[in-house]
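Engineer: The residues making up each chain are set out below.
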Amino acid sequence: MGRVETSSIKPPVTSQGVLGWLRANLFSNWFNSLLTIIFMVLIYVVARSVLIWSVQEANWLAVVDNLGVLTWGRYPSTEVWRLGLSLSLIVVMGTLTWILWYRHSNPRIRRVLMIGWLLMPFVLTILIRGIILPTFRTIVNNIGYYIVRPDVLISLDQTWRANGALTLAGLLTGASWVIFKKLRSRSLAIVGGLVIIALMIPLSTQSRPWIFGITMPMAIPFLVTFSLSLLVGRAVGLSFVNVTGSARVLAAWWLLSIPIILIVLTTFEVGNEAVDPVEALLIVPPNIWSGILLTLALSVVSIVASFPIGVLLALGRRSSLPVVKGFSILFIELVRGVPLITILFMAQVMLPLFLPLEVNIDRVLRAMAGMTLFTAAYLAEIVRGGLQVVRNEQIEAARALGLNEFLVTSLVVLPQALRAVIPPIMGQFVSIFKDTSLVAIVGLLDVLAVSESVIKARDYLGAVREMYLFVGLFYFVLSYAMSQVSRRLEVQLGVVEKD
Amino acid sequence: MHKMFKITSLLIGFSLALAACAPVEPEIVTVVETKEVTVTQEVQVPVEFQMESARLAAIKSNGKIRCGVNSGVPGFGFLDASGEFTGFDTDFCRALAVAIFNDVSAVEFRPLTAAERFTALQTNEIDVLIRNTTWTFSRDVELGTDFGPTTFYDGQGMMVRTDSGFTSLSDMGGATVCVLSGTTTELNLADAFSARGLEYEPLVFDNSDETAAAYDEGRCDGLTSDKSQLAGLRTTMTNPDEHVILPETMSKEPLGPVWAHGDQQWGDIVSWVVNGIIIAEEKGITSANVAEIAAGTPEDPEVARLLGLEGSFGELLGLAPDFMVNVISAVGNYGEIYDRHLGPEGTDIPREGSFNALWKDGGLLYPPPWR
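Line order of the protein sequences matches chains E and H. Just so we're aligned, residue 1 is where the first sequence starts under the numbering used here, counting upward by one. Just so we're aligned, residue 1001 is where the second sequence starts under the numbering used here, counting upward by one.
Calculated from the structure, these hints are not laboratory results. Please note that the accuracy of each hint is not assured.
Among the chain H residues that face chain E by a calculated CB cut under 8 Å, a handful are [said to hold, decoys possible]:
| # | residue |
| --- | --- |
| 1 | PHE1078 |
| 2 | ALA1081 |
| 3 | THR1235 |
| 4 | GLY1346 |
Across the chosen pairs, the derived CB separations fall in these ranges [said to hold, decoys possible]:
| # | chain 1 | residue 1 | chain 2 | residue 2 | range |
| --- | --- | --- | --- | --- | --- |
| 5 | E | LEU42 | H | SER1287 | 55 to 61 Å |
| 6 | H | PRO1240 | E | SER49 | 19 to 25 Å |
| 7 | H | PRO1369 | E | LEU355 | 52 to 58 Å |
| 8 | H | SER1164 | E | THR342 | 43 to 49 Å |
| 9 | H | GLY1144 | E | SER239 | 49 to 55 Å |
| 10 | E | ILE283 | H | SER1287 | 30 to 36 Å |
| 11 | H | PRO1369 | E | TRP81 | 47 to 53 Å |
Selected chain H positions facing chain E (Cβ under 10 Å, derived; list incomplete) [as the list claims (entries may be wrong)]:
| # | residue |
| --- | --- |
| 12 | VAL1073 |
| 13 | PHE1076 |
| 14 | PHE1085 |
| 15 | LEU1112 |
| 16 | GLU1116 |
| 17 | THR1123 |
| 18 | ASP1209 |
| 19 | LEU1233 |
| 20 | THR1347 |
| 21 | PRO1350 |
Quantities reported herein were computed from a predicted structural model and do not represent experimental measurements. The C-beta atom is built at its ideal place from N, Cα and C for all residues, glycine as well.
Extracted from the complex, chain E is given alone in its bound form (with noise of 0.2 Å):
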């Protein structure tokens, strides 16, 4: 009786093939396959009407048709080729990066694409924005400006090119005053920042009124302004002194500053139009930008500028100084106590009630400064966060290496609290890309704002479906590709264990 009763067994229930995949996981038992009947039901519904509404009913033309209009918006067609331009550049650079930056480790490589992102910012503004450039007539005559007829300056508005140029020039004086060692190197520095200030004699002995109407000579705000900024540019001279190399990027910034200060000096229009200076880029202002152009211009200028500000302001939050601290809490909790609609209304609204009514501040900018501070605040508690992972005896060690706080913080704490919160940040960075479609409400033209209006012409009236879409999917895309690099980082930088 030891023999096995071979025929009652059945075989196994197939575990492989797609009817084992559906087996096991859509009918393993009487719930689950009904759940499975019902929502194949469902889904066979919805999709039956939504693949008939696409294929017969919507009007896709309403989005094909106006593909270009809810790309670049308002931006002046015969201008296109500078956002192309922008974008191909943007690409040929992530290209770039993404090939050499992790096969060749080479320092000078990554030298030259950093210095490739880090001037992006600024080839990118003048190409999308555009720029007006003085000719070399421009600078010869409105130098003499400044020089014979000071009072014409005053009576255009433009004296505060003077402080504009001061500022520069008492920076680098003061930087030079420190840093450079050699007497010849020094005194060439110092006759150029002299060069400016005779430039400004003439000026500061005109009266112009000042603030709460008080008429005072030009003198002394010039005054104020490059001892001020000859102080900082000491300050910053000082903590670079024992840098190797620090006085050839300093004699780099004189050579790149000559250029810059003429160009703040001389570009200005007197009305006379063989002098004046020309568009070379003619410009956009940002006012008119509209459609994706704008979506992704407010986003990447909130993600890209409220980064150091949210790092600087959870640092000022841990500061032991009283003031730093305060200003740091009571800023983030006030802009983390309202929503966002709320500042973007101050920003458009408001603001403009409060300010004189010579001050216009472009209302794009407006919005971008408030989309800023707003993610500037949430990235400082995200960030602060990681600041308290990082435990007391790195900064204990770091600081028994003799390494001052400065260098503590961003060579020990920053790289470790960064790293361990990389996912909540871009969390934070894609929430705000599609905040951007707040805006709409405001009055400005994002993607969203132009796809409603477009859809008001009488060819495509009623394609609100179509739009929107179309409009769910960009943001989708893009989002999602955000999420993915997230991904990535995290594995790259060791966050996550690689699966």
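Given chain E, work out where chain H should sit, using these hints.
Structural biologist: Frame of chain E, contents of chain H only:
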């Protein structure tokens, strides 16, 4: 490093040289002279009541007129496929740009929401607001704004299905009406029905597209909104011919240009450009024949005055004598603007017999004489 300093010193020396040679440049002298000429021109003006409007001067130096518009009303203001603002309201902005600069593109459109449109005027962000804004007492008196001549007489109407048998509001006792929540539309509807002693059932939505979709699906018997909007919504229905807009008007909504208090001459310019556009239709002057009429000697003295052939009306406003010729040839007369955006080619709001017909045809458009 040594080389660096050589270059630096060279450049510094160069800028010194620049500064040194600057004063002898002849351009400077020319520029200063031009400025002085403008000053004398201002002083020379002899006519007693002509003074340069501060706003007009600012617009001229800006090179553009800043015009607050709506970006989402069919027929009145929206973006077309090339990214340009199009519509009935935006054409009046263009007319002003032509009047001042004789350049149809010298206008900077600022899309504004209902909430911020008056703030934008008060804070000098725009020069004129042409954004389907209803002229009311409190807006005119309290908000520090002034209203120009009405460009479009709007009013709340009711759309029903042709097969419903409703021919007037009085037939609609017990009907269900789709309406946008929280607007004066909702209040006007209640007033209109209670004045007729009728009951009705409101079906309230908070988005105009949703409201129209609900009506289209047959969830209510009537759809109420401003008549200008109803016409646009009618074309979005599955079958537009099955719907009709009832003749009754439940509210008065005179829409027109608005500007900030305090610059009378700027207000005069806006008002008389609008008036001129309406007079042009009255006199049969169109964009097609205006050049011809202006070249000849029109028999009608008012036409001669309008086109700057007689009198000095342009100068009195601080504009070119023939500014109306430019305006009419660039944007057309009132009828042409209306047909382009609101006529059968556009959102199809019937004009004949409505308030927006000329006074000669029984409408309310009655521009003051150009003399």
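Engineer: Against this structure, judge whether each hint is valid.
Structural biologist: Verification of the hints:
The interface hint given for PHE1078 of chain H holds, since its Cβ lies 4 Å from the closest Cβ of chain E, which is under the 8 Å cut-off. Using the Cβ-Cβ criterion of 8 Å, the hint placing ALA1081 of chain H at the interface with chain E is satisfied: the shortest such distance is roughly 5 Å. Satisfaction of the interface hint for THR1235 of chain H is found here, the shortest Cβ-Cβ separation to chain E being roughly 5 Å, below the 8 Å cut-off. For GLY1346 of chain H, the interface hint holds, the least distance from its beta-carbon to any beta-carbon of chain E being 6 Å, beneath 8 Å.
Evaluation of the 55 to 61 Å hint for LEU42 of chain E and SER1287 of chain H yields a pass: the beta carbon distance comes to about 58 Å. Checked against the given bound of 19 to 25 Å, the beta carbons of PRO1240 of chain H and SER49 of chain E, roughly 23 Å apart, stay inside it. Taking the beta carbon of each, PRO1369 of chain H and LEU355 of chain E are about 43 Å apart, not inside 52 to 58 Å as hinted. Checked against the given bound of 43 to 49 Å, the beta carbons of SER1164 of chain H and THR342 of chain E, roughly 45 Å apart, stay inside it.
A beta carbon spacing of about 53 Å between GLY1144 of chain H and SER239 of chain E agrees with the range 49 to 55 Å that was offered as a hint. The supplied range of 30 to 36 Å is met by ILE283 of chain E and SER1287 of chain H, whose beta-carbon atoms lie about 32 Å from each other. One distance hint, 47 to 53 Å for the beta-carbon pair PRO1369 of chain H and TRP81 of chain E, holds here, with the actual separation near 52 Å. Contact between VAL1073 of chain H and chain E, as hinted, is supported at the beta carbon level, the nearest pair being about 6 Å apart and thus within 10 Å.
Checking PHE1076 of chain H against chain E: minimum C-beta separation of about 9 Å stays under 10 Å; hint holds. Hint status for PHE1085 of chain H: holds, given a least beta-carbon distance of 8 Å to chain E, under 10 Å. Given hint, LEU1112 of chain H at the interface with chain E, holds; its Cβ is 5 Å from that chain's nearest Cβ, closer than 10 Å. A distance limit of 10 Å between C-beta atoms decides the matter here; for GLU1116 of chain H the minimum to chain E is near 5 Å, and the interface restraint holds.
Among the interface hints, the one on THR1123 of chain H holds; its C-beta lies about 4 Å from the nearest C-beta in chain E, closer than the 10 Å criterion. The interface hint given for ASP1209 of chain H holds, since its Cβ lies 5 Å from the closest Cβ of chain E, which is under the 10 Å cut-off. Using the Cβ-Cβ criterion of 10 Å, the hint placing LEU1233 of chain H at the interface with chain E is satisfied: the shortest such distance is roughly 8 Å. With 10 Å as the threshold, the beta carbon of THR1347 of chain H comes within range of chain E, its nearest partner Cβ sitting at about 7 Å, so the hint holds.
With a cut of 10 Å, the hint placing PRO1350 of chain H at the interface with chain E is violated, because the nearest CB-to-CB distance is about 16 Å.
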